[in-house]
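Asker: Taking the hints into account, I'd like the entire structure generated from these sequences.
Under numbering that gives the first Met the number 0, think of the first position of the sequence shown as 0, with each following residue one higher.
No lab work stands behind these hints, which were simulated from the structure alone. Bear in mind that the values here come from a model prediction, so they are computed numbers and not experimental data. No incorrect hints appear here.
In silico DMTMM-like pairs for lysine to aspartate or glutamate, Cα to Cα no more than 20 Å straight-line:
no. : residue 1 : residue 2
1   : K53       : D33
2   : K53       : D25
3   : K28       : D7
4   : K53       : E26
5   : K53       : D17
6   : K41       : E26
7   : K53       : E30
8   : K53       : D7
9   : K53       : D31
What follows is a list of derived Cβ distance ranges for each label pair:
no. : residue 1 : residue 2 : range
10  : G23       : N2        : 27 to 35 Å
11  : F20       : K53       : 13 to 21 Å
12  : E26       : N2        : 26 to 34 Å
13  : I51       : E30       : 14 to 22 Å
14  : K53       : D33       : 13 to 21 Å
15  : K28       : S4        : 14 to 22 Å
16  : Y40       : D17       : 16 to 24 Å
17  : Q6        : G50       : 16 to 24 Å
18  : S36       : L15       : 17 to 25 Å
19  : G50       : K14       : 12 to 20 Å
In this text, a Cβ means the ideal position worked out from N, Cα and C, and glycines have one as well.
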Amino acid sequence: MNNMSRQDAAVLVTKLFDVNFFEGADEVKFEDEDTFSQYSYKSIKNLASHGIVKGYPDYKKSFHNKLLCYII
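Answerer: Written as structure tokens, this is what we have:
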């Protein structure tokens, strides 16, 4: 696998660090949230509500594995 999507990265980070769901997560909005897969929706919103991830202007780009490893 050469690339990892934002949603896969969010699920991975949420599970690795056991980030708990934050009540205000629904208030965080993304331009493309209607494209989030059901399995990743809460993870993305949760990490954003904690300030761990932010929106990215070009949401269609994927993380490269080296970058993801650096982040983790």
